[in-house]
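S.K.: Chain residues, written in single-letter form:
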Amino acid sequence: MERRNGLHVFLGLIALVGLAMFILACTGWPGWSPDGSKIVFPYADAVAKRNGVAHYDLATGKVTSVFQLVDGIPFPQFSADGKRLLIGWIAMENNRVNRFEMLTLPYGSDKPMRHFVLPTITETNEVPQNPYPEVNGNVFVASTYVARITLESGEVLRKDLEPQQYIYIFPRGDQVIYARMYTLPAKEGEEAKSGDDKDACEFGEVDQQTLDRKPWFTIKSDDMVVRNVDELSWVPVFHPGTEEFAMLARKGDSETLAFFSRNGFERFVPLTLQGPEWQLGLFMQWSLDGKTLYAPLLAKTQTDGLYDYAVAEINDRGEMHTIPIARVSKRGDWADSFSYYLRVSLSPDGKKLATSTAYLPEEAVADVDRALFVVDLTDPAHKTTKVLAPVTPRPGGPTTSVNPPETPRQPPVEDPQSTPAPKEP
Amino acid sequence: MDLLREIFGVVCGRGHLCLVGGVALPFCQRCAGLYAGCVWAAICWLAFRPRPGRRVLWIHTGFLLIMAPFGYHWVQHGEAIRILTGYLFAVGLVYLLALNPAEQYRRREGRTRNEFLYFSAVSAGAPLLLAAIYWGGERTAVALSIAGAAGLLLYFVLVIANLIVLPRIAWQALRSRLKHA
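Taken in order, these protein sequences are the chains called A and B.
Take 1 as the starting number for the first sequence in our numbering and just add one per residue.
Take 426 as the starting number for the second sequence in our numbering and just add one per residue.
Chain A extracted, bound-state conformation (with noise of 0.2 Å):
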């Protein structure tokens, strides 16, 4: 009896501790901490002519500078159990990029700093990009190679890709999917295409155990869905609940989703922009419940080269709500990428959504609109808080208005209306 006693105390403990474990394993710019109090963003300052990473906490509204880089891109997110700070950046060499450094830094913990260097990247300017992927303990990274690195024993498992080849890769819940452009043989009696000149993509899983590539479909230029559409975003944006991925297409002067599965096409769904040259951001992100499609939306203003940045608010019909965050100016060539500086993160509990102008190029936002952005979703308003990012104060005063891209450069000049809303009808 005893004996008996003493397994099913056993047993008991067990499923206790059974129960504890499962509790535990169940729980991008900007990065939210897990528990959605504080937020990491990117920022430029260009007086001090340097990047950096900015730490926000909501609670008390404190914007403090954590990270700076004289050289670099940083791209900050928290890992998975909030302890530690992620820090990737793009090391840059004669104007190409040339290799990708992570830092990992304690947050609340005594978690040992670490600094991870991986190969120079030479064949291509694909860099990898944040969110990285981060399951069990383990991130990955992706660019001409996939990278594991292992965050309590700092090991680094990397597998190289074939040459002039690279990969994307995206988190979704505890997998890692992959987009790997590349291009066709040519057929016969066709010029071979150059190597900038991708013409498919295919999509899969990567295996975190050995870092191979499980493809699901490729989508190729002459493909059906392609023909229908004039470009497509080949980001994918996953939805919530079902295993279907969608991805922006234009077709003229519309957007539309195009929807996938693992087995490839499945269908359109227009959106309905309200005006002309509307250009939605790729990185969108689903709200929790799958019903909203959040996204960076640039509004052309009357004026040549101005922009109302805005937050577009997309529901299941295609119908979209705009929330107006600051006026940018396309003074640059950043315009034509702005997917990479211009991105939505919803809070974990969903209920908030941040978006940040802190790392656009100096000519690019006024001074006092150079900030992260925190939507209030609950809020039928929509209020927004903005924080300034922590920048060197710019002698003579803040810029408070942009100017459009060909007027020539003007000291600050006062403009009560910086951040005009993108009308609606």
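The set of hints was computed from the structure by calculation and includes no laboratory data.
The hints are all genuine.
Here are the in silico distance ranges between beta carbons for each label pair: (1) Ala-568/B / Gly-275/A: 40 to 46 Å; (2) Arg-250/A / Leu-588/B: 56 to 62 Å; (3) Ala-568/B / Asp-253/A: 43 to 49 Å; (4) Ala-91/A / Pro-552/B: 51 to 57 Å; (5) Asp-35/A / Ile-506/B: 28 to 34 Å; (6) Thr-392/A / Ile-585/B: 53 to 59 Å; (7) Asp-160/A / Ala-472/B: 56 to 62 Å; (8) Ile-506/B / Leu-157/A: 22 to 28 Å; (9) Asp-222/A / Ile-506/B: 33 to 39 Å.
If you want the footprint, here are the derived chain B segments under chain A, 3+ residues with CB under 8 Å: (10) 514 to 528; (11) 591 to 597.
Don't be surprised by glycine CBs; every beta carbon is placed ideally from N, CA and C.
Using the hints provided, position chain B relative to the given structure of chain A.
M.R.: Only chain B this time, still in chain A's reference frame:
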């Protein structure tokens, strides 16, 4: 539902959201099996009370262990397997967590026939849960959410009961040993 989302937000990261009839449950797919499945597992246990013989104990322990390859992603899997592994984990948990408190406070009189009925009922729960999730409507979503909340409460009660009973059993065993020493 918002309150349930707040509550489950503490114990579930909602990595793979569970949608029923277009409505998002307040927990993920695996937790749907764990929490909603807990209620069915508890009903089966109360109804049939199979004796904790070697076979029964091994089966329930196996239900816990089967989570390891899927929870640690050694095996790639989809939504259905997530729900099923959560459900089996719930069956194992309910039985093993109820084991010691039940022996302390209520004499077990289970018979072998109960074992067969118990496992039959438990087995029927799996396809029922899957059917509810895949083909249910908005009302089913609400029902599953409420079942999940009941399951969470049940786990809380079982954990507290074990935290009271297990030290008491250990103390009784220690006293008995000291007496005979």
